[in-house]
Amino acid sequence: MITASTDWELLEKQTIRRIETIFLEKLSVRIGSPDADLFQVGILDSMTLVDLILHLEHAFHLRLPLEDIELDSFRSVRNIAKLLTDRKWSGIDERLIRYQVAGE
Amino acid sequence: MTLLQDTVRQQAERQPEAIAVVSGQQRMLYRELEEASNRVARLLRLACGCQRGDRVALLLPKSLPALVGMLGVLKADCMYVPMDISSPAARLGKIIDICEPKVILADAANASLLSAIQDGCKTLISSRIGWLTPGAIPETNLESAFCWDDLPSVSAFVPDSSNKAEDTAHILFTSGSTGIPKGVVITHSSVIHFLKWATKYFEMAPSDHISCHPPLHFDLSTFDVYGTFFVGAQLHLVPTHISFLPHKLADFIRRSGLTQWFSVPSALKYMVQFDVVRFNDFPALKRLLWCGEALPTPTLIHLMRRLPQVKFTNLYGPTESTIASSYYTVPCCPDDERSAIPIGRACEGEDLILLDGSLQNVQVGEVGDLYIKGVGLSPGYWREPEKTESVFIQHSKHGRIYKTGDLARIGNDKLIYLLGRSDSQIKSRGYRIELGEIETALNALGILRECAVIATPMDGFEGTTICCAYVPAKGIDICHSDLRQQLTRVLPPYMIPSQWMALDSFPLNVNGKCDRSRLRAQFLTGSRKARSLVASDNRVN
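Residue numbers (my numbering), protein chains in the order written: chain A, 1 to 104; chain B, 1001 to 1541.
Keep in mind that the hints were calculated from the coordinates and are not lab data.
None of the values given here were measured: they were computed from a predicted structure.
Some hints could be false.
Here are the simulated DSS-like pairs of lysine-lysine, each with C-alpha atoms no more than 25 Å apart in a straight line [claimed, not checked]:
no., chain 1, residue 1, chain 2, residue 2
1, B, Lys1414, A, Lys26
2, B, Lys1286, B, Lys1248
3, A, Lys82, B, Lys1248
4, B, Lys1311, B, Lys1286
5, B, Lys1248, B, Lys1164
6, B, Lys1094, B, Lys1529
7, A, Lys13, A, Lys26
8, B, Lys1397, B, Lys1414
9, A, Lys26, B, Lys1427
Distance ranges between label pairs, derived from CB positions [unchecked claim]:
no., chain 1, residue 1, chain 2, residue 2, range
10, A, Arg63, B, Ser1112, 35 to 45 Å
11, B, Arg1255, A, Pro65, 13 to 23 Å
12, A, Gln40, B, Cys1479, 16 to 26 Å
13, B, Ala1090, A, Glu25, 24 to 34 Å
14, A, Ala36, B, Ser1358, 19 to 29 Å
15, A, Glu9, B, Lys1513, 49 to 59 Å
16, A, Ala36, B, Gly1446, 23 to 33 Å
17, A, Thr21, B, Arg1254, 37 to 47 Å
18, B, Ala1108, A, Ala36, 14 to 24 Å
19, B, Val1158, A, Pro65, 50 to 60 Å
20, B, Ser1112, A, Glu9, 50 to 60 Å
21, A, Leu66, B, Gly1411, 48 to 58 Å
22, B, Ser1358, A, Gly32, 27 to 37 Å
Covered by chain B, according to a simulated footprint, are these stretches of chain A (three or more residues, beta-carbon under 8 Å) [to be verified]:
no., region
23, 9-19
24, 62-69
Even glycine gets a Cβ: it sits at the ideal position worked out from N, Cα and C.
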């Protein structure tokens, strides 16, 4: 179980790093800052978003509940990390994410 | 009806209080659209000194002000140039330099883009700005001529006009193989001819809710916009961000009660891929049209089974022949996933001609170069007589014809089937891309010894993937992501390669030239491996 808030901060930080690696290795995109607006700087469009979703789902062993997700969740790497570590939606195992992040 | 703006004027007289455009929570009535565009036309003349034949560039997203602006420009006897605001400033600057607009119609959100364009653009300084957003005028170095709040200060009455049907309505820029975008000149009459045929063929009516999915710099949107106004229906602007998420897109079609959907195939493939179209979904939908590239037959079958009440029509035609030149309504759901969907037969007033290398007609079943003749043909490229003459040719038997660059054959069913390209132009997500434009941009960076941009067909729903193989210049240390980053400053997002490969030297063919087919094979093997890895537990089938 992850309880302390610092654990969550650590988890978010690690998730951000993992996402940045996916961008770099899979999409050849270097992200300047976890808060950079991915739509505004032309990094994401409808096609790269699909690729990104598929890579995220593969890397984190999960299926994103796309029907409930707003586009803002993909606006920055930090938002994506929040989405992936969101405790609200079912099917996400905290330990699994942790394991995935740690196992990179 | 001779001019495009007449479509709105007629509806404003016939049904002034009917909804013309829906954009998010906003609605605009035909009367409002007519009056606002009359006012913009007056301001273009009064505040900017616009005269007949002047160009006005639109640096606006797909929105109500953009539509008001387009109509206003036409009513001032000028021609509009819709700009792709997702393109980098450097590329937009080239377009500005080519068409030398008297005025730029912009919104506050694009003020910084405007300043960025100015940095590398010689002629922008002589343009004046009309701000089509309410509120304060953004700070720029450029001269502001008027803003949205000035509209009520001028008459809403129809301004005088002397344009004729043969005059230019707008210029649409497409990719040019030498790195310079080409402006396709479109006349009022070309569009009106298409509208007359299409509104009749598709039985469009005032009760229709029509989608506007493509951006306004895209040829397809001309039909959405003016087709809607022609029949007095409702135009529903599909917000750009909705296209990113297939569930939202499907939901938009449902909630807006769309009766007609028209887009490039990628939007449809996207919805099918994520399985968001239910059985008997979109109960109001009557027609589903696509254009720009082939819709894969399995996707078509999936949609036809899910939407049995819908009529499916494939439209075909390059920008140079205005919206579309041929059509094919699929008579029944194909039972074979491998069967080819034809581009069909010519629209009224057009002709599709297949010629061999010596410009003689080919026989049924033989492959030929596809030429188009008829009422949709553009007068040519803006201020490019040589480029115009190279593809708009005078044929001894057929008269003036346009060489599409597509290869095709006539089937035994008398229908035309598209087979591919005779040059290096590709289609990706419906966009026309000259691979030469990407290579020119890469070479101009000055950090590569060699580069080759190659299009590979992928098995998935993405269609064509743009791949780049390169050899860095001596002493230059560069990685894929840096190269990609530099390219985004000069090319629009849809032209950026998604696969990269760095090499010490290029493989050569027997002639000592870069062996592109070997590079293509390497890209294909690489992506199949990656795909099978990702696909093993994923959505990709």
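Assess, step by step, whether the Cα of lysine 1248(B) is no farther than 25 Å from the Cα of lysine 1164(B), and give holds or violated. violated, 42 Å
Is 14 to 24 Å respected by the C-beta to C-beta distance linking alanine 1108(B) and alanine 36(A)? holds, 22 Å
Per the hint of 16 to 26 Å, is the separation of the Cβ atoms of glutamine 40(A) and cysteine 1479(B) within bounds? Check passed, 23 Å falls within 16 to 26 Å.
Verify the proposed pairing of lysine 1094(B) with lysine 1529(B), using a straight-line Cα cut of 25 Å. violated, 40 Å
Should the hint that threonine 21(A) and arginine 1254(B) are 37 to 47 Å apart at their CB atoms be regarded as holding? With a Cβ separation near 38 Å, threonine 21(A) and arginine 1254(B) satisfy 37 to 47 Å, so the hint holds.
Using C-beta distances, would you say chain B covers the region 9-19 of chain A, given that this needs three or more residues below 8 Å? It is violated, with 0 qualifying residues against the three required.
How does the Cβ-Cβ distance of serine 1358(B) and glycine 32(A) compare with 27 to 37 Å: does it lie in that range? violated, 56 Å
So does leucine 66(A) sit 48 to 58 Å from glycine 1411(B), Cβ to Cβ? violated, 40 Å
Assess, step by step, whether the Cα of lysine 1414(B) is no farther than 25 Å from the Cα of lysine 26(A), and give holds or violated. violated, 46 Å
Does lysine 1286(B) pair with lysine 1248(B) here, judged by a C-alpha cut-off of 25 Å? OK: lysine 1286(B) and lysine 1248(B) at ~20 Å, within 25 Å.
Beta-carbon spacing of alanine 1090(B) to glutamate 25(A) - inside the hinted bounds 24 to 34 Å or not: holds, 28 Å
Verify the proposed pairing of lysine 26(A) with lysine 1427(B), using a straight-line Cα cut of 25 Å. holds, 23 Å
Of the numbered hints given earlier, the model fails hints 1, 5, 6, 14, 20, 21, 22 and 23; all others are met.
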